[in-house]
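Start counting the sequence shown at 1; every next residue gets the next number (our numbering).
Honestly, I wouldn't trust all of these hints.
Unchecked claim - Subject to a maximum C-alpha distance of 27 Å in a straight line, what follows is the list of computed DSS-like cross-link-like pairs (lysine-lysine):
#, residue 1, residue 2
1, Lys111, Lys132
2, Lys171, Lys134
3, Lys215, Lys74
4, Lys181, Lys171
5, Lys116, Lys132
6, Lys116, Lys181
7, Lys116, Lys134
8, Lys111, Lys134
By construction, these hints were calculated from the structure, which means they are not laboratory data.
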Amino acid sequence: MTEAVPAIRLTGVTKTFGEINAVDNLYLDIAEGEFFSMLGPSGSGKTTVLRLIAGFEQPTSGEIALQGEDVTRKAPFERDVNTVFQDYALFPHMTVLENIAYGLRVRGVGKVERTKRAQDALESVRLGSFGKRKPSELSGGQRQRVALARATVVRPRVLLLDEPLGALDLKLREQMQVELKELQRELGITFIFVTHDQEEALTLSDRIAVFSEGKVVQLGTPSEIYESPASPFVAGFVGTSNIFEPELSQAVLGRPGTNALRPERISVHSVPSGAGLDYAAGAIAEVIYIGTATRIIVDLDAGKRITVLEQNAGASAATASATATGDRRGERVVVEWNPASVVSLAVPEPAPEPVPAS
1 MTEAVPAIRL TGVTKTFGEI NAVDNLYLDI AEGEFFSMLG PSGSGKTTVL RLIAGFEQPT
61 SGEIALQGED VTRKAPFERD VNTVFQDYAL FPHMTVLENI AYGLRVRGVG KVERTKRAQD
121 ALESVRLGSF GKRKPSELSG GQRQRVALAR ATVVRPRVLL LDEPLGALDL KLREQMQVEL
181 KELQRELGIT FIFVTHDQEE ALTLSDRIAV FSEGKVVQLG TPSEIYESPA SPFVAGFVGT
241 SNIFEPELSQ AVLGRPGTNA LRPERISVHS VPSGAGLDYA AGAIAEVIYI GTATRIIVDL
301 DAGKRITVLE QNAGASAATA SATATGDRRG ERVVVEWNPA SVVSLAVPEP APEPVPAS
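Using the sequences plus the hints, can you model the full thing?
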């Protein structure tokens, strides 16, 4: 059986800026039709990789292939990709329809066809009646939809999205996440999405590459990344984790090495429930009511402060709210967890000490 050619293949790609390795010997395949996210903190290399794929930067070494074709040294306009930026980059003097049709006009598409395709693209982002407006007459979410329509109307093989929802408020960002996923499914083209927001990456992606210091430190589906983080960095960056170093891990969890336990996998009781779960004793340091859940900070007797997240569901919600507003600090409790919820973490080996010159 012939192996499918990936939409994007990076082979040994390195990008240096002076003495800084922004991208360090990266090997990465992104499948055709995949919604692929590059997730990491500021300075981790994810945006540089996006710019390398777009052609805005040239790699110091390595090769970039699009649909099996080497595009490493090709200019951006020679690559069948398009980019959506956080700041929308719409032409203020053009109407919405003119903005969307601009890329088609540059490509020499006739007026009748480009107007039809631009209107179809506008319909696809649910703004069919907004074609005669100027960008200044639109909300932030509407401008982002127009930017998406303009990028997709030329039917690129790959759409690159550089934190496109970062400028939107929370509710609009959540709404746009759903619409972006639906649009990608309808179009069937490869989306490569850059974000530092772990919840956004988990919501949207088929697969996620977690970046740190120019390298991919874990690659997998959202559930693989969240449920089985490969390192303390991933466990702490993607969601929240209680990370136990070896000494405390042995004392509290009865496990060797470094381990993690997600806050929602722990429950708080006044005495052990007797349900066959592992448990540890401690005292409540803080209770924080956050609406859908209550965050409880517990100082364990073993010397570890942990976070517990309890969902406020059904009849317990009112009780949770009332309890959270009371002062429970210092209350003696036990925390319980299923041993199967403990995740073993690989700790990177320390870099060798440089050998002084003789």
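Each hint tested on the structure:
1. Lys111 x Lys132: Roughly 16 Å separates the two Cα atoms, so the pair holds.
2. Lys171 x Lys134: With Cα atoms ~24 Å apart, Lys171 and Lys134 stay inside 27 Å; holds.
3. Lys215 x Lys74: holds (24 Å)
4. Lys181 x Lys171: holds (16 Å)
5. Lys116 x Lys132: Given that 27 Å is the threshold and the Cα spacing comes to 14 Å, the pair holds.
6. Lys116 x Lys181: Holds, at roughly 24 Å.
7. Lys116 x Lys134: Holds: Lys116 and Lys134 sit about 19 Å apart, inside 27 Å.
8. Lys111 x Lys134: holds (20 Å)
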